[in-house]
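> In case you want the letters, here they are:
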Amino acid sequence: MAWVNAIIQGILTGGLYALFACGLSLMFGVMKVVNLAHGDLAIFGGYIALGVIAVTHVPVLWSFLIVVPIMAALGYVMQRTMIQASLDRSVLTTLLVTFGLSVVIENGLLQFVNADSHSLGIGNSIITKSFSIGSQIQIAYLLVLIFAVAVAVLLGLQYFLSSSRYGRMIRAVADDREAAQLSGVDYRHVFGIAAAIAFGTVALAGIAYGMYSQFAPTTGTDTILLFAFAAVVIGGLGSLWGTLLGGVVLGVAQQLGAQINISYEVLAGYLVLLAVLVFRPQGLTARKAES
Amino acid sequence: MNAPRPGNGTPLLEVRDLVVHHGQLRALDRVSLRVFPGEVYAIIGANGAGKSTLLRTIAGLHQPTEGAILYDGKDMTKVRPERRATAGIVMVPEGRRLFGSLTVEENLQVGATYARKGAWTIERVYELFGWMSERRTQRTAQLSGGEQQSVAIGRALVANPRVLLLDELSLGLAPVVVQRIYAMLPQILATGLTVLLVEQDVSQALRVASHLQCLLEGHTTLEGRPSDVTPAQVEAAYFGLGPEAPEQDEEGSEP
Numbered sequence: 001m002a003w004v005n006a007i008i009q010g011i012l013t014g015g016l017y018a019l020f021a022c023g024l025s026l027m028f029g030v031m032k033v034v035n036l037a038h039g040d041l042a043i044f045g046g047y048i049a050l051g052v053i054a055v056t057h058v059p060v061l062w063s064f065l066i067v068v069p070i071m072a073a074l075g076y077v078m079q080r081t082m083i084q085a086s087l088d089r090s091v092l093t094t095l096l097v098t099f100g101l102s103v104v105i106e107n108g109l110l111q112f113v114n115a116d117s118h119s120l121g122i123g124n125s126i127i128t129k130s131f132s133i134g135s136q137i138q139i140a141y142l143l144v145l146i147f148a149v150a151v152a153v154l155l156g157l158q159y160f161l162s163s164s165r166y167g168r169m170i171r172a173v174a175d176d177r178e179a180a181q182l183s184g185v186d187y188r189h190v191f192g193i194a195a196a197i198a199f200g201t202v203a204l205a206g207i208a209y210g211m212y213s214q215f216a217p218t219t220g221t222d223t224i225l226l227f228a229f230a231a232v233v234i235g236g237l238g239s240l241w242g243t244l245l246g247g248v249v250l251g252v253a254q255q256l257g258a259q260i261n262i263s264y265e266v267l268a269g270y271l272v273l274l275a276v277l278v279f280r281p282q283g284l285t286a287r288k289a290e291s
Numbered sequence: 292m293n294a295p296r297p298g299n300g301t302p303l304l305e306v307r308d309l310v311v312h313h314g315q316l317r318a319l320d321r322v323s324l325r326v327f328p329g330e331v332y333a334i335i336g337a338n339g340a341g342k343s344t345l346l347r348t349i350a351g352l353h354q355p356t357e358g359a360i361l362y363d364g365k366d367m368t369k370v371r372p373e374r375r376a377t378a379g380i381v382m383v384p385e386g387r388r389l390f391g392s393l394t395v396e397e398n399l400q401v402g403a404t405y406a407r408k409g410a411w412t413i414e415r416v417y418e419l420f421g422w423m424s425e426r427r428t429q430r431t432a433q434l435s436g437g438e439q440q441s442v443a444i445g446r447a448l449v450a451n452p453r454v455l456l457l458d459e460l461s462l463g464l465a466p467v468v469v470q471r472i473y474a475m476l477p478q479i480l481a482t483g484l485t486v487l488l489v490e491q492d493v494s495q496a497l498r499v500a501s502h503l504q505c506l507l508e509g510h511t512t513l514e515g516r517p518s519d520v521t522p523a524q525v526e527a528a529y530f531g532l533g534p535e536a537p538e539q540d541e542e543g544s545e546p
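Order-wise, the sequence lines are chains S and W.
Take the first sequence: its position 152, counted from the start at 1, is 152 in the numbering used here, and no numbers get skipped.
For the numbering used here, add 291 to where a residue sits in the second sequence, where the first one is 1.
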């Protein structure tokens, strides 16, 4: 039963990882930007939530209604200015710029907040409780909620990309930005929208993480970014549902590793990542090697 | 050069002394042209003559080092490609350049997103190319070259251009398919469009064009109405053999 429990916990944690990873995957898929500041942006979102809650006293659970729009707007502005300027130079420049951004966010938080750990306490609401199946399996409502949010975000994104006017333009620009320009599409604006969505999802992920665990200014690079990368690579680049699969595989591997020995938790996840890179470098869901 | 063609008024598109560099290479050297409303203006020339560069510069994808591009009397030289498209200069790029992961219909929808008002709609494109509506839900990556070219033309038409730029429609297509595509041209022109096309296939260009300009190594070597030029003149201008050729410099320009 302990193993079944580990698998269930792993799947649910995978939802959180997928939430982290989908923005990363979207920015790479559309703009070919590998955003090394992704993890720090998630944590930044968490700190914004702390601030918003302190100022407005909104319930933690509803803080995303304010934080997500703030981060989305920030995403649009940063894409149109800094990231676009680096894209106009070269792909390598975007790596350097997002790495620099990561350093700036992390040290900015250390400077202006502090190095202490914080969390987004959710008080006594139902989601802090858990329910049991049998004697060995305990499932936290919070993890179920986060998993449900991840699935809802992916479904929403899928629907937006496949059925809306802007979703269509995002896919067109990802295919061929010059041809999109010839159809009158301003690809910079479309990039901005994609970045806004990516930043919005990463804000959600940051809030979810803050409710699930403690975070500090360095959590972004030492945990979130790496897990998000692992989930994206395992699942397959640019595929939304691959991101969920990648997150779930990573989560299950970690929990199974922890079941053997608690110190194997993180290692087990990276062993799976390594195995995917060796045997199926295109990721689990990628159909074709091309594009 | 550039004497106004009778009965045509002011040019819709004018290029003045355009110089374009690709790095060190001077791809276009003081090329000028004037396209009047309703014309089919063909630019011919061998590989590397600068034809596609000229068209891409007019569409805004290259910045000229010198010269100007005027559209409807307005200077478009510094205007971004997407603004030129919405203003009515729309290009069908070389190699089709469809959105491969999108369906046929989605490709047309993207083309129509920022369309000007006009005669062309997605439905009208489906009427023009009879096979297309049945396959509207297919991804364009699954279509044949000729079908893809038709979708690329449709995607440009739904934007309702005033000037349609066609870059090497015949490239990589069987002669029969090329003829079938060019056979559509009269129907397209009937909606009041002006066409500026680049074509390596000289006989095809001569058949459809109302005005002709030949480029060689970035220079204009011949210009006139197809009825006014002799095949010998075209040949000389194309290969740079005649008295008009600037210099006898053959290497690399032969296809």
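Keep in mind that the hints are not guaranteed to be accurate.
So these bits of chain S aren't anywhere near chain W, every CB distance computed over 12 Å [unchecked claim]:
| hint | residue |
| --- | --- |
| 1 | S90 |
| 2 | L142 |
| 3 | G184 |
| 4 | Q259 |
| 5 | I260 |
| 6 | V266 |
To give an idea of the chain W side of the interface with chain S (calculated C-beta under 8 Å), a few residues [claimed, not checked]:
| hint | residue |
| --- | --- |
| 7 | A376 |
| 8 | P384 |
| 9 | E397 |
| 10 | V401 |
| 11 | T404 |
| 12 | K408 |
| 13 | G409 |
| 14 | W422 |
| 15 | R446 |
Since the hints were derived computationally from the structure, they do not count as laboratory data.
Ideal placement from N, C-alpha and C gives every residue a C-beta, glycine not left out.
> With reference to the structure, classify each hint as holding or not holding.
For each hint, the structure was consulted:
1. S90: Given that every Cβ of chain W is farther than 12 Å from that of S:S90, nearest at about 16 Å, it holds.
2. L142: It holds; S:L142 is separated from chain W by about 37 Å at its closest Cβ, greater than 12 Å.
3. G184: violated (4 Å)
4. Q259: holds (40 Å)
5. I260: Holds: least Cβ distance 42 Å, greater than 12 Å.
6. V266: At roughly 35 Å from the nearest Cβ of chain W, S:V266 sits farther out than 12 Å, so the non-interface label holds.
7. A376: This hint holds: W:A376 lies near chain S, its Cβ roughly 4 Å from the closest one there, short of 8 Å.
8. P384: Since chain S brings a Cβ to about 6 Å from W:P384, closer than 8 Å, the hint holds.
9. E397: OK, holds: W:E397 within 8 Å of chain S, min 6 Å.
10. V401: holds (5 Å)
11. T404: Interface hint status for W:T404: holds (7 Å vs cutoff 8 Å).
12. K408: Because about 13 Å separates W:K408 from the closest Cβ in chain S, which is outside the 8 Å limit, the hint is violated.
13. G409: violated (13 Å)
14. W422: violated (22 Å)
15. R446: Because about 6 Å separates W:R446 from the closest Cβ in chain S, which is inside the 8 Å limit, the hint holds.
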